[in-house]
Each structure stands twice: as C-alpha cells, then as structure tokens.
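Number of protein chains: 2
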Amino acid sequence: MTQLDDTALDLIFRQARTHNYWLDKGVPDALLRRAYDLARMGPTSANCQPMRVVFVRSKEAKAKFAPALSQGNLAKTMAAPATAIFGMDLEFYEALPRMFHDPEARSWFAGKPKVIETTAFRNATLQAAYFILAARSLGLDCGPMSGFDNAKVDSAFFAGTSIKSNFICNIGYGDPARLHPRNPRLDFDAACRIE
Amino acid sequence: MTQLDDTALDLIFRQARTHNYWLDKGVPDALLRRAYDLARMGPTSANCQPMRVVFVRSKEAKAKFAPALSQGNLAKTMAAPATAIFGMDLEFYEALPRMFHDPEARSWFAGKPKVIETTAFRNATLQAAYFILAARSLGLDCGPMSGFDNAKVDSAFFAGTSIKSNFICNIGYGDPARLHPRNPRLDFDAACRIE
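Line by line, the protein sequences are chains B and C. Using the working numbering, the first residue of the first sequence is number 1, and each one after it goes up by one. Using the working numbering, the first residue of the second sequence is number 1, and each one after it goes up by one.
Identical chains blur together in the list; that is why a pair holds if it fits in one copy or across any two.
Think about it this way: if two alpha-carbon atoms lie no more than 27 Å apart in a straight line, the pair counts; the simulated DSSO-like pairs of lysine-lysine are:
1. Lys-25 <-> Lys-62
2. Lys-112 <-> Lys-152
3. Lys-62 <-> Lys-76
4. Lys-152 <-> Lys-114
5. Lys-164 <-> Lys-62
6. Lys-25 <-> Lys-59
It should be emphasised that the hints constitute simulated quantities derived from the structure, not laboratory data. Every value quoted in this text rests on a predicted model; they were computed, and no experiment measured them.
Looking at chain B on its own, in the form it has when it is part of the complex (with noise of 0.2 Å):
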C-alpha cells in the first residue's frame, strides 16, 4: 500500500469528529492497548517518548477526577466509557540510554529544567495527537479537551511522581445524531505558504 483510500482518510480526518455524547457500548482494554501500540509508533525527539497515560474507567477513578473538571467538561466526561488523561514525564530523559541509539541522549536533558519542560510538552503533544488518530484508526471517537484544573489532576494522579498531565480526552462510541455542526477550518493560503 502506498496511499491510504478515501474512505481511510474519511475514518482518521474528514469525517472524525470530536464527540460529547456517547453510545452504550463499552471499549474494552484491549483496545485502549492496541492504539497505544499504535500511537507508540510515531517518531518523537531523541525516541524520548515523554507522554505517560492514565486510562480512567472505574466509579473510583471517576470520583477523583470529577472534582477537577470545568462544568461544561464534567457530564460528557462522567458519561463516557474511558477517558485518558495524558500527561508527560518531566524524567523522560532517564529512560534514554534503553530508548536511543547515542548513549550521549541523557545529558542533552539531564540538569536543563527549561529544555526538559519544552521537549516534554511538544513531544508528549504529538504522542497524544498520534493516540488520537490511532484510536480513530481502530473505529473508536474522541473527545479531547483542555478545560480542567491541571494541579488538580496532577495532585490526584500523579502526586510524587515527575508526571505533570497535559490533557484529556474521552474514549468511546460517539453519538452520530448528537453532533454539533461542524467548524470551519483554516485554508491552506491562509495557514501556510510555500518558499
């Protein structure tokens, strides 16, 4: 294969859609596994692979994260099947010498507060945008979201760990007849130019 059809295409990008209410129909773990195996996949700086996932599905995990949620968040996020915070680990760098072929890689980071910061958040970003585009890829919906109290999230999560989380984003079936209109998008002359 050297192109992905229309119809792939359809599935992953053009009618993708972010979804707030969801169907009764459970995901199982097993998925949630396949799309990081997937997502996993996608090239980040140096292999560093800063993003870290807590999958939130129990009554239990729910009730710690409800409290950190913005009102118009907390309902669609109670409601759906899982939802994955994702986070980067500001200690990424530790796993490099496994990780990276330049056993050099650790102190391109290691004692570089401002480097680490950067490269964590941009590189956790795009492993989750990929996870985004794995779980589309295996039929699944998204409903990512910024709208929550991050130290929240952080003290309830991830609290004596180098994890800070970045966003979430419910997991599920989504609800085709609920959607809202779609939003414009910006054209190509109006995003970008061609030197």
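Got chain B sorted already, so can you dock chain C onto it with the hints?
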C-alpha cells in the same frame, strides 16, 4: 469503513520511519496542499488552529534556512524535496470569531499571554502531528527535527509577525536502504495505566 486494515496501519504507524536520506523524486505542491487539507480537519481546543507552516522549497529559501540548522540536520535538510517549518501564531484568537460557534471564545485568550502561549504550543503541536500522519497517509515520508535555532528561523521567516517556530520536518520519499535500525518503544505498562 469502521477500522483501518493492517496495511493501512503499517503505512502510517507500524512500518513508517523517520527518514534522513531522500530518493530523487519530487513532491508536487499539490501534495503538500492535500496533506494540509487532511491535517486541518483534526481537533484543536476551541477550533483554535494556531499552526502556521512555511514549506521551504526554493534555493533562495534554503539559503535563508541553512544558518539556523544544527550541523547534524544540515545536509539532509538541504537535500530534502521540502521542509515544513511548523510554527504557531500567538494571535490565533483573532480568527476565533469566524472559526468557533461561541462568540465569547476570543475573550478566553486575548490579553492572557500564558494561556495564549500554552494553547498555541499545545495545539500547533497537535496539528503538526496530524500533518505528519496525513503526509504518511498520502505516501510521503517525514523526518521531523527540533535541532535548529528557533530565533534565527523566526527572524528569517516570521519577522514582524506574531508567528513563532515550533519544530521542522523534512518531507519527501525516503530511501529505505539507508534507514537506521528502529529504536525501541515503551511498552503499554511502562507508559500507561488503567484505573
């Protein structure tokens, strides 16, 4: 279609690789436009779409670009059919009255530099990831890099604007004979947990 098949998943995730050497095969402008037209459909917070892209193609643009590149990224970038400079517009919120259904959206950002910066960086990075996977969907190969001088790129390509560079990405048809062995990836249980 409800899922991508294995050959499609191989093309964009499992077999796709970061390339450093390019076949002598041109990339038409129309293909860069098609990749953007797919990538722009991906979700961003409040549909904010902060990504801006310069595709460096001409001898003149490459000459402006070269002094900003790290030594290790110079030759492969000069040889690439195109290089995307993925940037972010820190005045992205000026487009929200046209781009988002809630007329209040501009006020969530205007005058709030920290929110602007975080939102622009996160969402422009998501969009760049969508672009990488969109390019692969169309049969292109990518070589993303963050080894360059952002300030030099900003002054060469974005002077007098509200756009800042994020990272860069060579685009073309990679030479499969000159790939490094693939570096490993973190297992699900090393990067994720289900609660």
